[in-house]
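Engineer: For any residue, its number in this note's numbering is found by taking its place in the sequence shown, counting from 1, and adding 3.
Treat the hints as calculated values from the structure; they're not laboratory data.
Hints should not be assumed to be uniformly reliable.
[Claimed, not checked] Label pairs and their computed distance ranges (CB to CB):
1. D7 / K76: 34 to 42 Å
2. S20 / G105: 12 to 20 Å
3. W12 / L90: 19 to 27 Å
4. N94 / D7: 25 to 33 Å
5. F11 / R95: 15 to 23 Å
6. T93 / W48: 15 to 23 Å
Note that CB positions come from ideal geometry on N, CA and C, so glycine has one too.
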Amino acid sequence: VFGDQLQFWTDPNCENSYPRFTHIACLYSELIAININGQLCQWNWQDEYPYQDSDSPHIKHPKTLLLQLMNEKIINLSTNIIRASILTETNRIATWIDESLGSQ
């Protein structure tokens, strides 16, 4: 049986709290989601828990700073096996390639 154990995406800052998402998609190496606040979130398949920046609890995906998304609300998400693209409320588009393919 593939994946015989369920593991729920919880909020590490609040016990017994489960984040709510507007969009969920996946790349080859990670699960990507947009939460109800319009933040980009990540859970790598190989990691035990979803990504959480140790310095800033508001950063839930390692590409947030690189893509300049700190003050953006994401409203749409599209992925295929190797590429993800997002659209922000201010009509900005960002795209990236799955990290398992190498550095960008």
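Engineer: Confirm or reject each hint.
Structural biologist: Evaluation of the provided hints:
Against the hinted window of 34 to 42 Å, the Cβ-Cβ separation of D7 and K76 comes to about 37 Å, which satisfies the hint. The hint said 12 to 20 Å for the Cβ distance between S20 and G105, and at roughly 36 Å that hint is violated. For the pair W12 and L90, the beta carbons lie near 23 Å from each other, so the given range of 19 to 27 Å is met. Distance hint for N94 and D7: a CB-CB separation of about 43 Å, inconsistent with the stated range 25 to 33 Å.
About 31 Å separates the C-beta atoms of F11 and R95, a value inconsistent with the hinted range of 15 to 23 Å. At roughly 31 Å, the beta-carbon separation of T93 and W48 lies outside the given 15 to 23 Å, and the hint is violated.
Violated hints for the displayed structure, listed by number in ascending order: 2, 4, 5, 6.
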